[in-house]
Amino acid sequence: MGDRPVRLAIAGAGHMGARHAAAIRTCESAELVAVWSRTRAHAARLAGEHGARVAESLSALVESFDIDAVIVCTPPAHHAEPALAAFRAGKHVIVEKPLARSISHGERMIEAADAAGLFLMTAHVARHLPLLRTLHDQVLSGAIGEIAMIHMSRETATALSGWRIDPAEGGGVVLDLGIHEFDWLLWTAGPVERVYCRAASRVRDAAAAYALTTLRFRSGAIAEVESSATKGEGFRISGELAGDAGLITYDSDRDVALSTDLEPLGRAEYGGLPTSFTRASPFLEQMEHWMRCLRGQERPLVKPSEALDALRVALAALESARSGQVLPP
Amino acid sequence: MHARSYLNAVCARDDLDEILLLEETNRDLAHQIAAQTGVSVASGPAEFLERVDAVIITSDNVHHAPLALAAARAGVHALVEKPLATRIPDAVAMVEAYRQASLVLATSFPCPFSPAFQALAARARAGELGDVLALRCTNRGTMPGGFFIERERSGGGAVIDHAVHVADLLRRITGRDPQRVYAEIGHGLYHQDWDDSGLLTIEMSGGTFSTLDCSWSRPGSFPTWGDVTIKLIGSEASATADLFGQRLEYYPAEPARPKWIGWGSDLDALLIDDFLEAIRAGRQPVSSGEDGLWALRVALAAYASAQAGAPVDVLPGPAVDREGL
Chain A
1 MGDRPVRLAI AGAGHMGARH AAAIRTCESA ELVAVWSRTR AHAARLAGEH GARVAESLSA
61 LVESFDIDAV IVCTPPAHHA EPALAAFRAG KHVIVEKPLA RSISHGERMI EAADAAGLFL
121 MTAHVARHLP LLRTLHDQVL SGAIGEIAMI HMSRETATAL SGWRIDPAEG GGVVLDLGIH
181 EFDWLLWTAG PVERVYCRAA SRVRDAAAAY ALTTLRFRSG AIAEVESSAT KGEGFRISGE
241 LAGDAGLITY DSDRDVALST DLEPLGRAEY GGLPTSFTRA SPFLEQMEHW MRCLRGQERP
301 LVKPSEALDA LRVALAALES ARSGQVLPP
Chain B
1 MHARSYLNAV CARDDLDEIL LLEETNRDLA HQIAAQTGVS VASGPAEFLE RVDAVIITSD
61 NVHHAPLALA AARAGVHALV EKPLATRIPD AVAMVEAYRQ ASLVLATSFP CPFSPAFQAL
121 AARARAGELG DVLALRCTNR GTMPGGFFIE RERSGGGAVI DHAVHVADLL RRITGRDPQR
181 VYAEIGHGLY HQDWDDSGLL TIEMSGGTFS TLDCSWSRPG SFPTWGDVTI KLIGSEASAT
241 ADLFGQRLEY YPAEPARPKW IGWGSDLDAL LIDDFLEAIR AGRQPVSSGE DGLWALRVAL
301 AAYASAQAGA PVDVLPGPAV DREGL
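As they're listed, the protein sequences go chains A and B. Here this note's numbering is used: the first residue of the first sequence is 1, the next is one more, and so on. Here this note's numbering is used: the first residue of the second sequence is 1, the next is one more, and so on.
The following block holds chain A by itself, in its conformation from the complex:
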């Protein structure tokens, strides 16, 4: 790719597709070439907003355009098909989290990436949040000693809808929100030994809107993860880590750099993140990181096996919530 911008295509023109398109626009090293969606009108709108072209089919997206990588933003149950098509066409893949909706899909994607010698990078954007990255660095530098007890919480006011609360297609808050904490925890506290989860739905037969997951780590540490789509307004991440040499806490509602008291401008869009008032948005940080990886300047922060491990924990939590059993990931 040399010095020219990395040429990208987006598969799936929903909320996350639009987020990545916006990040590409502000990332000097990236360029959006083409968009494909199962709903052509969605692809046309997103492509139109960003000066990209519409691909008429998935195969056209990966074969007919001069692209380096595909960002897969379809629902998780449909990540494998575009990812495998991209690998067959020799393109790198960036995939929204969770890696897939099933372990077998995730494993096939990883095998295909390995066989083709191409990148498979998962968008665990929480690792790029300045708050959670600083927290990770503090814990790893020994600020609290050995970790003993952890709480992590992610709450959104935006009710999950569509495939996200379809128990087969999505997985409610456990898969949509909890996956961030599971990935961060595996990254920070090491492997998980067992998982227990209780969850509640607001709508009959829908996936959970609220879940409390208990994790026991191989190290002996204990964690509780709250995943909630029942917040009254806004978005909040909060928690604490207690170790044998200290306690460290965070709360995005408490730790703010700028507060305004204006009338709300409109309803928060799905998955809205708090504005962090840092140099770049986490999505731009993440995009810049991916581009450096694709240019061979950096190693991916999230290894494919790590994305699969986070998925294993999330799926164990979902199954525990269903069966009431304690499960290994």
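Calculated from the structure, these hints are not laboratory results. Mixed in with the good hints there might be a few duds.
[Unchecked claim] EDC-like, lysine to aspartate or glutamate: derived pairs with alpha carbons at most 20 angstroms apart:
(1) B:LYS231 - A:GLU240
(2) B:LYS231 - B:ASP177
(3) A:LYS231 - B:ASP131
(4) A:LYS303 - A:ASP137
(5) B:LYS231 - A:GLU233
(6) A:LYS231 - B:GLU128
(7) B:LYS231 - A:ASP253
(8) B:LYS259 - B:ASP227
(9) B:LYS231 - A:ASP251
(10) A:LYS303 - A:GLU107
(11) A:LYS303 - A:ASP114
(12) A:LYS303 - A:GLU288
(13) A:LYS231 - B:GLU236
(14) A:LYS231 - A:ASP255
(15) A:LYS231 - B:ASP242
[To be verified] Among chain A residues calculated to face chain B with C-beta under 7 angstroms, some are:
(16) ALA148
(17) TYR196
(18) ARG198
(19) TYR210
(20) LEU212
(21) ALA242
(22) LEU247
[To be verified] Here chain A is said to cover these stretches of chain B; the calculated rule only asks that three of the stretch's residues, wherever they fall, bring their Cβ under 8 angstroms from a Cβ of chain A:
(23) 187-195
(24) 300-313
Because the structure is a prediction, the values reported are computed rather than measured. The C-beta atom is built at its ideal place from N, Cα and C for all residues, glycine as well.
Starting from the known structure of chain A, fit chain B onto it as the hints suggest.
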């Protein structure tokens, strides 16, 4: 730990004839406290029980049952520090002895007297938040030391010390009894044989569940002793109570550490008010012996769950009268 707070509360009253101390292990301390506060000291349990109508038992946890049973035999009402006992048969025997003697047996649960908690419970019970989908609670503290970390005197560690408060509050909020408990219990804060951390999932009859962190996870530098928080997720709305959230934040000059200075209601005094009123009115106290028994069941189920590596059932017990709330 709470003896001084209770003593201050009873000394502040003008409706008691005599206040008497019985210090089971440390006579010098009893006389020192008596000299400071102007109360008398009894020379032994027999003389003590002869002279009083009611006793507040703040001994080592394992001595709660023998002291309370002796008091019941002597016709003396008792307010017993939590946990009510360290074994279920002891707690059942205490409840039964007081019932048969028509005496008041109260458990030292001050949290039900918190105005914030009462408002939250009233709203939840009135259905103002919709159905209770889930709760998320904490009762975290600093490591207390003393008999609390000698298992043969306390009956356990952080879990038996702290799980009982919220286990009791959950019954009051939901109007349901705990049915199943899953617990992860750890030793990672102090690396001793007593448990210093616990994360429980308590499932109530009817399907509502709550997590509860009962760890001694506040380090020595923490500005206060700990917390009791309850977050309730309703189908219509959510609410969070921070029972000791009413505070000043105080930052002294070095080298002293920052302190949180509470200005909320004196819950220990309200607890003692209720105990004395219950005796005079011949009614159940708000925090009854049965309440203490139920909370103990949850704490002991947590230890059993951690040992089994699986959720365990909380065994059913006698019906509970919760009219006092």
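Do the hints match the structure? See the list:
no.	hint	in the structure
1	B:LYS231 - A:GLU240	holds, 16 angstroms
2	B:LYS231 - B:ASP177	holds, 18 angstroms
3	A:LYS231 - B:ASP131	holds, 16 angstroms
4	A:LYS303 - A:ASP137	holds, 18 angstroms
5	B:LYS231 - A:GLU233	holds, 16 angstroms
6	A:LYS231 - B:GLU128	holds, 16 angstroms
7	B:LYS231 - A:ASP253	holds, 16 angstroms
8	B:LYS259 - B:ASP227	holds, 14 angstroms
9	B:LYS231 - A:ASP251	holds, 16 angstroms
10	A:LYS303 - A:GLU107	holds, 13 angstroms
11	A:LYS303 - A:ASP114	holds, 12 angstroms
12	A:LYS303 - A:GLU288	holds, 17 angstroms
13	A:LYS231 - B:GLU236	holds, 11 angstroms
14	A:LYS231 - A:ASP255	holds, 18 angstroms
15	A:LYS231 - B:ASP242	holds, 17 angstroms
16	ALA148	holds, 3 angstroms
17	TYR196	holds, 5 angstroms
18	ARG198	holds, 4 angstroms
19	TYR210	holds, 5 angstroms
20	LEU212	holds, 5 angstroms
21	ALA242	holds, 4 angstroms
22	LEU247	holds, 5 angstroms
23	187-195	holds (count 5)
24	300-313	holds (count 3)
Every hint from the earlier list agrees with this structure, and none is contradicted.
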